[in-house]
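**Student:** Now for the letters of each chain:
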Amino acid sequence: MAMSMGNKMIHFLRAFSKRHPLFINTILLVVTVLVVCMVLEIGFRIIIRSWRPQNAQAIYKFTQAVAKDDTRLRFEAHPYLSYAPTKIRYKDNGIRIGKDEFSYIKPPDVIRVACLGGSTTMNQYPAALAKLLNRWPGDKRFEVMDFGCDAWTLMESTINYMIRVAAFAPDVVIVHHGVNDGPPRIWPDFKPDYSHFRIAWRESGMPRFMSRIIARSWLGVFCMQRLGISHFDISNSTVRRVPLKDLKRKLDPESLLPYEHNLRMLSTMVQSNGGQLIAAPMAYNRKHNNSFDQVRIQECNRVTRSVAEQLGVQVVETDLLMKNKPEWFLDLVHLNAMGNNYKAQVFSMAVWDMVNGESIDNRAKRYVQCTAANPEARDLEISWDYDEDIVREYHVYVRRDDENKHRYLGRTYPGTSKTYRWKSGEPQLAPVMKPEFYDGAECGHIYDFRVYPISKSDPPKVLKYLSGGDEVKVFERHHDLEARSADNG
Amino acid sequence: MRKGAHKGRALHGMIRLLRVFIHRHPKIVNCVLVLLSLTFVFTVMEVVFRVYLQSQQPGVARVITKFGKWSSLDDTELKFVSHPYLSYAPSEIKYDDGGLWIREQFFSNKKSPDVVRIACLGGSTTMRKYPAHLQRVLNRRPGNLKFEVMDFGCNGWTLMESTINFLIRVSAFQPDIVLLHHAANESPPRQWPNYKPDYSHFRKSWNNPRLGFFTRRVLSGSWMASYLMWRSGLSAFEVQNLVINRVQQDQIHGDPAPGSIETIKQNLRHLAVMAQSIDAKLLVAPMPYYRKRGKPAIQQMIHEFNQCSRMLARERDLPIAETDALMQQHTDWFADWVHVKENGDFLKAQVYAMVIWDMLGLYPEKEEISPIKIFGCEETAAPLGRDLEIQWEFDAAKTKEFIISVRKEKEKEFKVLGRTPSGNEQSFRWKSGAPQLSYSLDEQFVEGPQFGHDYYFKVVAISNEYPHKVIGHLTSKHEVKTLERPWQ
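Those sequence lines, one after another, are chains F and P. Position 431 (the first sequence) corresponds to 431 in the numbering used here; numbering is contiguous. Here the numbering used here = 1-based position in the second sequence + 1000.
A few of these clues could be false.
Below 25 angstroms or equal to it, Euclidean Cα-Cα: the simulated SDA-like pairs (lysine to any residue) are [unchecked claim]:
{"hint": "1", "chain 1": "F", "residue 1": "K87", "chain 2": "P", "residue 2": "Y1195"}
{"hint": "2", "chain 1": "F", "residue 1": "K191", "chain 2": "P", "residue 2": "D1176"}
{"hint": "3", "chain 1": "F", "residue 1": "K131", "chain 2": "F", "residue 2": "D150"}
{"hint": "4", "chain 1": "P", "residue 1": "K1111", "chain 2": "F", "residue 2": "N336"}
{"hint": "5", "chain 1": "P", "residue 1": "K1094", "chain 2": "F", "residue 2": "I186"}
{"hint": "6", "chain 1": "F", "residue 1": "K250", "chain 2": "P", "residue 2": "K1110"}
{"hint": "7", "chain 1": "F", "residue 1": "K87", "chain 2": "P", "residue 2": "I1244"}
{"hint": "8", "chain 1": "F", "residue 1": "K191", "chain 2": "P", "residue 2": "K1265"}
{"hint": "9", "chain 1": "F", "residue 1": "K68", "chain 2": "F", "residue 2": "S119"}
{"hint": "10", "chain 1": "F", "residue 1": "K325", "chain 2": "F", "residue 2": "H196"}
{"hint": "11", "chain 1": "F", "residue 1": "K325", "chain 2": "F", "residue 2": "G312"}
{"hint": "12", "chain 1": "F", "residue 1": "K405", "chain 2": "F", "residue 2": "E393"}
{"hint": "13", "chain 1": "P", "residue 1": "K1265", "chain 2": "F", "residue 2": "F437"}
{"hint": "14", "chain 1": "F", "residue 1": "K191", "chain 2": "P", "residue 2": "Q1174"}
{"hint": "15", "chain 1": "P", "residue 1": "K1204", "chain 2": "F", "residue 2": "D439"}
Derived by calculation from the structure, the hints in this document are not laboratory data. Source: prediction; values computed, not measured.
Starting from the given sequences, assemble the full structure and let the hints guide the process.
**Tutor:** So this is what it looks like as structure tokens:
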């Protein structure tokens, strides 16, 4: 029975192939092409893995990134910026950035900090900066506006300041660029307005699903890379496509002029609007293997520092400590949470000094030299306010980053003393401290404090706890400059 | 007789052939009939619509006729290119090794020391308008300075584009003077719905419109189609379809969006401080406009912009060059509500040249009234006429006299203006209302030079030896210089 079924089947197929020779031929052709492609693909994978393992890794990353890319959701076309983040939206009387809203008219007790930058700013340090700044002692409220956007150069940020940011009258503007101004320098036919590099948003030459399909093949990815197609669709939509071989291998010093020029103009505009500029050179990973990328960042940083010095603009270095922290870097410039926390920590000190009228000489010493001397040590002073008559002592608890519980740090007594000093290496400054915290707070972490007042009653009772930026203030001190230099001397 | 019969037979044959054809191919015949009747219906509709529109809404009818005309003249694709930071830019401005081409003129990245650079920022009242005249007028003036006038205007640009353009392109060319002549294009973004301070509600990235260039051209032949396109917010100028968010006519607000003036003030301020930071002086040139054309709301917005720029100038002690008072005396020089005919551009160039000359401190006479004062104030009565001094250099020892001839802008021949008393005189004064200053002035030129006209001069030197001969022909801008002085 089964035999006859098989026979029938074969018979049917024979008859079919005789009747429709074209159909069969087509199928055969397709199968052959597929097999050849498969063989080519497998061969290519083997060859490139053994021959050029670095390229293989890049290709693998490309395939991963293409699948994850969500450009269309995160960015939109803009007439004057080529593209802009969709998370920034105008509202009736202000602007919304992510979840935060900012009104055109700045309330009188608010200090506004605008962060300009590329992907090292967008959704990176600004949130931590807002958290840190809002727990400094004092009644001032800080609003941190994250105006960063992936892959923006200083050109976009300067225009963005001009057409959007300035209307919100930021008191402090942090400009943190240096890496994205590198690609325009190696694109062919350099033009000072970057129009050789950037293009107005257009739908990329290849439909999205096509590139996704092709990106499954390593050979396809290899070809795409050669043609200058990026795994980020935003680059395909807003950067002139140039084959890999046409990119310049040498840097022309003239191509650095727009960066310098934009920094000058930005400083001029910020000053004219009554704001203060902080120039933050780009921190980068010394262990990253592409030295040409590093050179471009170094050159931009050099310009940032020298222009800032000429114009009397505050330079804030975040690079000095991070030179020794390659583990904080995800790649050449992007950081993990610790790296961003560290940036936020340094920026918050700088903003605090600026807002409180510290002289620029002092500030310069702090952010350019002191951090170099001993950047790892921290000196925090936790303070709070509570009804002292009923309180015998305060217990201070601390929670690091995203730990799920607050841990006992130490206590302070009597109830009149409402501060607690936590300084690296000097536990004697606090009345009682748990030995595991003697080393002090570490850089790269955000510590959240809770203060429990203990009542004078018998038996003593925990009255409640104080927490959050409004109730518990944290003052971060700079290390004593004089003492430090004496140590080194 | 034979011929007639032949003709009749041929006709007969044709008819028979047609009958057979109709009989055999009824489908084709039906199609043709349908097409014919459709065309007929459309024609009737179009005619009825034209008659209706012209009688009921003559204003709209005028807009529609212009729509058709402009659509067929449009050459956007040739004149403009997409730009990442400006949405669009004139294609005639091109970077090249070591500098920038603006049409046929090359401007080097490194400005030589004897060059005075003037960057003109503006919209369609600047692009290909007064800057070329300004350069010519300035370069005819005495002295060794060379004037380079950079026309950075672009049709449809607002102050927003010009400010960004200043940041990313203009400032690198170290202009000494930045001439700002905006106002007209600022009203559309203020009227567009959903106002946003970065103009992203109005301007968009260069983008292909749904209707192709060709379709639009064909369609705009019909009034009805033009009307529908106009209502749906399509523009006769392709560049506007490409770079402006399309909005239906009735969604456009009549009055400006609240707070929209702040964006203008901010851009003006940014422009002023950026210019200052590169040691350039900003020269504010308010926009003259024709009071009898255009909607009152739009005139009001132009006025508001002018006032903002005047205020900026007063606050920052910047010079102003007013041309409005003069233009109001010559309203026939307006082509529409803001664009001016060539005479208007001559007038602008003459006024700006005087103010720029004054800004550079090149008027030696201290007692003269300063052009910055005359043209810096809106209320001051406009000057009535002009005061030119033609200067040249030639060997005085050999010359008996010089004969000066003049040619008005489009005239073909020079006419004798006057002569000098001797060969020692190497200048000739020609001033409106003061013919006595000229030694011998031809009667037809007694009125003096007039605003809005461009004069070319030729100086002929006559030998002092007998027989008197022409020994020199001075015509070029290097040989004959013209100094214009202001007077009330």
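**Student:** Would you mind marking each hint as holding or not holding in the structure?
**Tutor:** A quick look at each hint next to the structure:
{"no.": "1", "hint": "K87/F <-> Y1195/P", "verdict": "holds, 18 angstroms"}
{"no.": "2", "hint": "K191/F <-> D1176/P", "verdict": "holds, 22 angstroms"}
{"no.": "3", "hint": "K131/F <-> D150/F", "verdict": "holds, 22 angstroms"}
{"no.": "4", "hint": "K1111/P <-> N336/F", "verdict": "violated, 48 angstroms"}
{"no.": "5", "hint": "K1094/P <-> I186/F", "verdict": "holds, 20 angstroms"}
{"no.": "6", "hint": "K250/F <-> K1110/P", "verdict": "holds, 23 angstroms"}
{"no.": "7", "hint": "K87/F <-> I1244/P", "verdict": "holds, 23 angstroms"}
{"no.": "8", "hint": "K191/F <-> K1265/P", "verdict": "violated, 30 angstroms"}
{"no.": "9", "hint": "K68/F <-> S119/F", "verdict": "holds, 16 angstroms"}
{"no.": "10", "hint": "K325/F <-> H196/F", "verdict": "violated, 36 angstroms"}
{"no.": "11", "hint": "K325/F <-> G312/F", "verdict": "violated, 30 angstroms"}
{"no.": "12", "hint": "K405/F <-> E393/F", "verdict": "holds, 21 angstroms"}
{"no.": "13", "hint": "K1265/P <-> F437/F", "verdict": "violated, 55 angstroms"}
{"no.": "14", "hint": "K191/F <-> Q1174/P", "verdict": "holds, 17 angstroms"}
{"no.": "15", "hint": "K1204/P <-> D439/F", "verdict": "violated, 56 angstroms"}
Hint violations for this structure: numbers 4, 8, 10, 11, 13, 15, all remaining hints satisfied.
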